[in-house]
Amino acid sequence: MLLHGAFRGFAGGARDVTLDASTIREALDALVQAHPTLAERLRDERGTLRPHLALFINQDDARLLGWEDAPLHDGDIVHVIPALSGG
Amino acid sequence: MAKKVALLVGTKKGLFILRGDAGRGSWACDGPEFAPAEIHHAAYDPRDGSIFAAVNQTWGGSRVEVSRDMGKTWKTTKNPAFPEGTERTFSKTWHIEPGHEKTPNVVWAGTEPAALFKSEDRGETWSIVKSLDDQPSRAKWVPGFGGMGLHSIAIDAQDPKKMQVGISVGGVYTTTDGGTTWAQDNKIDGAPSERPDVFYCIHKLLAHPEKSGVRFMRVHEEVYWRDPGETTWRFSTTGLPSNFGFAAAIHPRDTSTAYCIPLDGRQRTASPFGIGVYRTRDKGKTWDRLDKGLPEGAPLESVREGMHNDRLDPIGLYFGTANGDVWASTNEGESWKRIAQYLPYVTSVHAATVD
Chain D
14 MLLHGAFRGF AGGARDVTLD ASTIREALDA LVQAHPTLAE RLRDERGTLR PHLALFINQD
74 DARLLGWEDA PLHDGDIVHV IPALSGG
Chain Y
93 MAKKVALLVG TKKGLFILRG DAGRGSWACD GPEFAPAEIH HAAYDPRDGS IFAAVNQTWG
153 GSRVEVSRDM GKTWKTTKNP AFPEGTERTF SKTWHIEPGH EKTPNVVWAG TEPAALFKSE
213 DRGETWSIVK SLDDQPSRAK WVPGFGGMGL HSIAIDAQDP KKMQVGISVG GVYTTTDGGT
273 TWAQDNKIDG APSERPDVFY CIHKLLAHPE KSGVRFMRVH EEVYWRDPGE TTWRFSTTGL
333 PSNFGFAAAI HPRDTSTAYC IPLDGRQRTA SPFGIGVYRT RDKGKTWDRL DKGLPEGAPL
393 ESVREGMHND RLDPIGLYFG TANGDVWAST NEGESWKRIA QYLPYVTSVH AATVD
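Respectively, the protein sequence lines represent chains D and Y.
What the first sequence shows, in my numbering, is residues 14 to 100, in sequence order.
What the second sequence shows, in my numbering, is residues 93 to 447, in sequence order.
Just chain D, with the same shape it has in the complex (with noise of 0.2 Å):
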């Protein structure tokens, strides 16, 4: 997983993560296991994920490909973004 931008602050400076996942879920939940601190910072208390975040599957958005249940395959690489928003 790559971290972008705030994110990489959130994960005290981590720029990316090498981890075995089938899904994002499973790949979120193991990016908070290195990194507790993003816990809170991708999910709120009842564990949905805050808004104005991205998430890629190399070129393409999680969201059209599932979001949390989007597959992952060997040398998938995820980004995690905070979303491009306002204007």
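Please keep in mind that the hints were generated in silico from the structure rather than gathered at the bench.
Predicted model only: the values in this text are computed from it and were never measured.
A hint or two may mislead.
[To be verified] Chain Y stretches covered by chain D per the calculated footprint, using a threshold of three residues with CB under 8 Å from any CB of chain D: (1) 147-159; (2) 164-176.
[Unchecked claim] Derived CB-CB ranges, DEER-like: (3) Y:S304 x D:L97: 50 to 56 Å; (4) Y:Q227 x D:L97: 38 to 44 Å; (5) D:A52 x Y:K384: 49 to 55 Å; (6) D:G18 x Y:Y437: 39 to 45 Å; (7) D:P64 x Y:E216: 44 to 50 Å; (8) Y:Q359 x D:L97: 52 to 58 Å; (9) Y:K429 x D:L97: 37 to 43 Å; (10) D:G26 x Y:K279: 51 to 57 Å; (11) Y:N423 x D:H17: 38 to 44 Å.
Each residue gets a CB set at the ideal place from its N, CA and C atoms; glycine is no exception.
For chain D, the structure is supplied; the task is to place chain Y on it using the hints.
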């Protein structure tokens, strides 16, 4: 050692710290920290020197940060969290109030959705005060223009078990047993009309830091005073140029003096009368305008947490404005000097009196 003042200035784009010299005449500005997050409020804890910052943003969610070294380093605390069984989730922190000196590990936080959270470990973790959350009258609370927040936490000077909270729009609740039980506390004395039992939109409720029982309250369209032993809020608005306003301060030693910044109720700025601080020295019976040094007629705006005072003698008063100015008075409001400008929209000012 002579004490100095550090101003914690929350803005819509981060936290700034203005550090004054011994005479409060020149100020060095550090920051911003946490930009572009909005800092709804930041508070200094005189018991141990901690600084708490309410960091509110959508990226990564809102959080409370704490510094134990006057802003050099920061640590993210465990979020205030609503318990299972409710659909509400923590959205933002409106106010952080260090506890009484007799309860050295206690810190309070008011949040949106409106709730009171208590920390018993100097702000590392937070638990909801369920007894307040379970009040049947909570069903009557509704959001004000800025949301539905618990923003005022007024702890009695002598007894930490006695405190009030103020909610927009939900009125005042009082506890006399440290938060085990609460009672609505909205009875008024002298207001032009009756108020519903959730009162009105409380804008700021302050406890005198040295005199038990003294309170000053800025409500949407009135200000109120309460003396020791009283159980009603005494209407104290006559003499102000408008009913409306947010920013308020209470003199930390004099038990009859308080300050507020009136705004026009429609425009929400100091137009048409111009920015000015109003002072009462007789518990709200009369008000004096203090504007020497302030820009004449300027339609500035200062919001809920926009004014605070230090603890020196004479006290320093400080207020921030929506156009990014911070103004200071080192003679209890008699004259004013701009000590910062071109900051982002100032959302809070808190004066830390430090060694």
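Check each numbered hint from earlier against the structure, then list the numbers of those it violates in ascending order.
-> Numbers 6, 7, 8 and 11 - these are the hints that the structure violates, sorted from lowest upward.
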